[in-house]
Structures are given as structure tokens and as C-alpha cells.
Amino acid sequence: MNPESLARDLVDPIKTSVTTLPEPTLAALKDAREKEDDGARVQLDAILEAVDIGRREEIPICQDTGTPTFYVQLGADYPAIDQLDEIKEAVRRAVQLATEEVPIRPNTVHPISGENPGDNTGRSIPWINWNITDGTDLRVTYLPKGGGSTNMSQLTMMTPGKGLEGVKELVLKRIASMEGKPCPPTVVGIGLGGSASIAMSLAKKSLLRPVGVRREDEEIADLEEELKQRANNLGVGPMGVGGETTVLDVKIEYDHRHPASYPVGITPQCWANRRTSFRITPEGDIVEVER
Amino acid sequence: MKILETPLKPEEVADLRVNEPFKVTGKIFTARDAAHEKLLDLAKKGKEAPFDLSAYPCFHCGPVMKKRGESWQVVSAGPTTSIRMEIFEDEFMEEYGTKIFVGKGGMGEKTSEALVQHGGVYAHFTGGAGSLMAGSVEEVEDVHYLEELGVPEAVWVLRVKEFGPLLVTMDSTGESIHRDISEEIDQNLQKELEKL
Chain A
4 MNPESLARDL
14 VDPIKTSVTT
24 LPEPTLAALK
34 DAREKEDDGA
44 RVQLDAILEA
54 VDIGRREEIP
64 ICQDTGTPTF
74 YVQLGADYPA
84 IDQLDEIKEA
94 VRRAVQLATE
104 EVPIRPNTVH
114 PISGENPGDN
124 TGRSIPWINW
134 NITDGTDLRV
144 TYLPKGGGST
154 NMSQLTMMTP
164 GKGLEGVKEL
174 VLKRIASMEG
184 KPCPPTVVGI
194 GLGGSASIAM
204 SLAKKSLLRP
214 VGVRREDEEI
224 ADLEEELKQR
234 ANNLGVGPMG
244 VGGETTVLDV
254 KIEYDHRHPA
264 SYPVGITPQC
274 WANRRTSFRI
284 TPEGDIVEVE
294 R
Chain B
89 MKILETPLKP
99 EEVADLRVNE
109 PFKVTGKIFT
119 ARDAAHEKLL
129 DLAKKGKEAP
139 FDLSAYPCFH
149 CGPVMKKRGE
159 SWQVVSAGPT
169 TSIRMEIFED
179 EFMEEYGTKI
189 FVGKGGMGEK
199 TSEALVQHGG
209 VYAHFTGGAG
219 SLMAGSVEEV
229 EDVHYLEELG
239 VPEAVWVLRV
249 KEFGPLLVTM
259 DSTGESIHRD
269 ISEEIDQNLQ
279 KELEKL
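From first to last, the protein sequence lines are chains A and B.
Per our numbering, the very first residue in the first sequence carries number 4; after that it's consecutive.
Per our numbering, the very first residue in the second sequence carries number 89; after that it's consecutive.
Calculated from the structure, these hints are not laboratory results.
Errors might be hidden in some of the hints.
Stated by the list, open to error - Restricting the straight-line Cα-Cα distance to at most 30 Å, the calculated cross-link-like pairs of lysine-lysine (BS3-like) are: (1) B:K111 - B:K279; (2) B:K155 - B:K97; (3) A:K91 - A:K176; (4) A:K18 - B:K198; (5) B:K198 - B:K155; (6) A:K33 - B:K132; (7) B:K155 - B:K126; (8) B:K154 - B:K111; (9) B:K279 - A:K33; (10) A:K176 - B:K132; (11) B:K97 - B:K249; (12) B:K132 - A:K18; (13) A:K33 - B:K126; (14) A:K171 - B:K283; (15) B:K283 - A:K231; (16) A:K176 - B:K135; (17) A:K38 - B:K126; (18) B:K155 - A:K38; (19) B:K198 - A:K165; (20) A:K165 - A:K33; (21) A:K33 - B:K97; (22) B:K283 - A:K165; (23) B:K154 - A:K38; (24) A:K91 - A:K165; (25) A:K176 - B:K154; (26) B:K198 - B:K126.
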């Protein structure tokens, strides 16, 4: 595996992520456009036109091209498992190249000094989320999430006695109070249980699932659907100007929790729900690219 | 859709009402937090602004820019969250007479009062639609304080054609759909919570 050539090839999925939208998200936005009128329709028309221009002219749809974040599913029997350092190096190099070439906005700032290296790298950034799985494949998803929506994230250590009703209340109150700030219609990611940090990472991980795809467990799928319907009764509307479409979807992931704790993590994703998945072969080729 | 040309005519701006979409053709300038501070500081020191700020819309935006040879190009330029500028805009209107502010998320009561006093409007541009905005830019005419403030915070003067759609959400009669929608959302929330 040649890290430099892998880095070159990785620029493409990064570019695709910021210049186009996944088909299910786009379809949901088009549906919403048909339902809305007045100011809400003006917002959705502008959104759809921006998506179209981004794709046609190969420029970032939104100027906030997010924090470079990679989710990796690493098969324990991946033949090139001894070359993970090379892959990490290639990922780092790829965001530097993408910053120059796509271009994407330099979005990494030192939390104390405020210094920005200008190439989207920094301590632990690009962030790589490693998950070890069975099998021989290395699968990657690039999820660049913007600052405006991330700023609306919330962790609550709920009193367990409040139960499921408490969760629903928390989520609806949060979506109402965010109003237009996370750039709705949003996809709202929710993490239930685990620990404080696990609930927040589950909330973000839930955003990997495409719009419209429900979890297999029926009780979670029902909860996602119920919260989606209820959220759309709140009247926030596209970009907070009022309307029927506040969320495109609600996603929930869960883990078992401590009996005394009920962590609820919430993180909204803006309408620019950008994401690209692919597989890296042991030879370092990128294949099976999916939006 | 109404198209306003710059230099803006004060009576045309004062006539705009909430929920009315419009576009702008001509010149606009960008200003976020640091640019507001900088320009207000100039006024305090009795110095002149680099151009007439009253005749052109102020856009709350930190763009992605690219330099090709000697000239700049706008790559993507959506709005930033306007409420951060709430601490500046009444003073900004007082000093410079700026009539249109464009951003996202709406602004508060202090700005609403100043818009009434100065016959101005706040208009909402769709958050995230940076590529759409970039498509309306014909030329980057000038840039001020680039070295001092950096690319996103600098004051970019852009010649645009049909920049928009912009939606008036706060007008010169004191109306604000942000205020109205907040109340509505709260009522809707109470209804949903009762159903739980």
C-alpha cells in the first residue's frame, strides 16, 4: 500500500461528500418542498438550488465543510492490518490535499491559542472512529458535520424514573428550543443509555443511517417514527421560518445503561446531511463508493 | 420576485414587509463579529469608513475564498448566525445608516427597534446555501482588513446579480416573524407535551 497514492484517491470521496447530498436526503427535501408554501417554500427552493449548483459546479454546497471525521469498520482479518499507520497517514494527508483542491474551509482551531493550522489537521483531527468487526473488509464513512448544528448538541443525565415519556419530553423540548439555529429541516440523532460519553457518540453514530431507514428493533423504530411526527407538529419549519417540516428524520441508537443513570445524547444534523461510504482494499484501492 | 438595485433607495427598503421575498443586484459587503468591531472602532475614532456603508446591504457571512492569480473568487458563501451581531447593529445603523442586514436565524429586540428608527429590514438567506450565493457573485470588487482579520472575518465587497432569494423576517414597522414563531412553537410544544 502506497500512502501517498491512497491519500490522492481519498480526496474524491471527501469532495463528493461536501459537493453532493445522499439520494434519500435529497428525496426527503423534495417531498418537503411540495408540502410547504410561503417563506418555507422559499427556503426549500433555495436549498434545492444550492444542492444542484454544488453538484453541477463541484463546489461545497455549504461554506461550513465541517470537522473532518471518519468512521471505520475494521475487519479483524483485514489482510493489510499491519499497515494501519500508513492508512492513518494517508487520511491526514488527504484532508490537507482536499483543503487546497476542493477547496474545503480550514476548520481546525487550537482551543487555547486560537491558532488555525489552515489545513484541517490538528491534535487528533482528522478524527478517526475505529470499530473492530468480524471479517476481512475495511469500510469507511466520511461524515463532515458543521458547527452550527453541532453547537445545538445536548447531553442530559435524566432521572431514570422519568422513563420513556421523559425521553420524549426532552427531545421535543430540545427541538423546539433550537428553532432555526441548526439549519432545519434537520436529522436529529439521539443516543440512549451507555454512559455520558457513550450516549453522545451513539447520537452522532445514529446519523450514519440513511434518512428513511428505521432500526430493526420495532420499539426503537416506533419511537423514531413517533418523535419525527411530533417534531413536525412544532412548527419550526425550514430554517426556522415556520412550516410543517422541522425534521427530515429522527435516528436513535442505544446501549444498556447503569441502573442509576439514564444518559440521553442529542445531536442534530443540518439539512446538508453529508456523508460518503467506501471500502479500502488491502492493496489500497477505494471501491464500492456509496452516498 | 422583487429585485432591489444598489445603491439602495431608502424608501424602497422601508416599504419591504415581513414574509416578502426579494433579490439584490449590485453591490453588497460582508461583515461578521470582528468586522463590526473594526468598523465601529473607526467611527469612534472619527475616521472615515472605506466606502459608503449606507447604500449597500450588509451580509453576515464568512466565505470560502480562492485566489486565482491576483484576483479573488467566492467558492461558497452562506450566511452565519446573525444573533451574534445583536450587540452591534443598532450602533452600526446609527453610525453608518446601513439599511439591509442579511443573515440567518433572525435578530433580537434591540435590532428590531433600530430597524424601525432607521427604516431598515433584516432579511433571511437560507443557511447552508453557500453554493447558491457564490453563483450570484459576478466579481469580487474589493476587500478590506484582509491581513488584519483573515479571510472569513474580512470585509469583502462583492458585485452580485440577483443575490437571493432573501426573505424579509424583520421590517421597518417593527414586525418580526422570529418573535411570532417563537411564541407559536412554544404553544405547539405545550400541546405535544400534554399528549404524552
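Hint by hint, here is what the structure shows:
With a CA separation close to 37 Å, the supplied pair B:K111 and B:K279 exceeds the 30 Å bound. Between B:K155 and B:K97 the alpha-carbon distance is near 33 Å, which puts this suggested pair outside the 30 Å criterion. The suggested pairing of A:K91 with A:K176 is violated, with an alpha-carbon distance near 40 Å, which exceeds 30 Å. In summary, the hint linking A:K18 to B:K198 is not supported, as the alpha carbons are separated by about 41 Å, beyond the 30 Å threshold.
Restraint check: the Cα-Cα separation between B:K198 and B:K155 comes to about 38 Å, which exceeds 30 Å; the hinted pair is violated. A hinted pair counts as satisfied when its Cα atoms are at most 30 Å apart, and A:K33 with B:K132 does not qualify at roughly 49 Å. Using a Cα cut-off of 30 Å, the hinted pair B:K155 and B:K126 holds, with the two alpha carbons roughly 24 Å apart. At roughly 25 Å between alpha-carbon atoms, B:K154 and B:K111 fall within 30 Å of each other, so this suggested pair holds.
Between B:K279 and A:K33 the CA atoms are separated by roughly 28 Å; this keeps the pair inside 30 Å, and the hint holds. For the given pair, A:K176 sits about 43 Å from B:K132 by alpha-carbon distance, which is inconsistent with the 30 Å threshold. As the CA atoms of B:K97 and B:K249 are separated by approximately 17 Å, the hinted pair is consistent with the 30 Å bound. Our distance criterion of 30 Å between C-alpha atoms is broken by B:K132 and A:K18, whose separation comes to about 45 Å.
Note on A:K33 and B:K126: the hinted pairing is violated, with a Cα-Cα distance of about 42 Å set against a maximum of 30 Å. Distance hint between A:K171 and B:K283 is fulfilled; the C-alpha atoms sit about 11 Å from each other, no more than 30 Å. In summary, the hint linking B:K283 to A:K231 is supported, as the alpha carbons are separated by about 15 Å, within the 30 Å threshold. Between A:K176 and B:K135 the CA atoms are separated by roughly 48 Å; this puts the pair beyond 30 Å, and the hint is violated.
Among the hinted pairs, A:K38 with B:K126 is inconsistent with the structure: their alpha-carbon atoms are about 44 Å apart, more than 30 Å. Note on B:K155 and A:K38: the hinted pairing is violated, with a Cα-Cα distance of about 41 Å set against a maximum of 30 Å. A C-alpha spacing of about 39 Å is found between B:K198 and A:K165, which places the hinted pair above 30 Å, so the restraint is violated. For the given pair, A:K165 sits about 37 Å from A:K33 by alpha-carbon distance, which is inconsistent with the 30 Å threshold.
Using a Cα cut-off of 30 Å, the hinted pair A:K33 and B:K97 is violated, with the two alpha carbons roughly 37 Å apart. For a cut-off of 30 Å, the pair hint linking B:K283 to A:K165 stands: about 16 Å separates their Cα positions. The hinted pair formed by B:K154 and A:K38 fails the criterion: a straight-line CA distance of about 38 Å is larger than 30 Å. Of the supplied pair hints, the one linking A:K91 and A:K165 is violated, its CA atoms being roughly 43 Å apart against a limit of 30 Å.
Using a Cα cut-off of 30 Å, the hinted pair A:K176 and B:K154 is violated, with the two alpha carbons roughly 41 Å apart. Simply put, B:K198 and B:K126 have alpha-carbon atoms about 20 Å apart, close enough for the 30 Å limit, and the pair holds.
Consistency with the previously given hints fails for numbers 1, 2, 3, 4, 5, 6, 10, 12, 13, 16, 17, 18, 19, 20, 21, 23, 24 and 25, ordered from lowest to highest.
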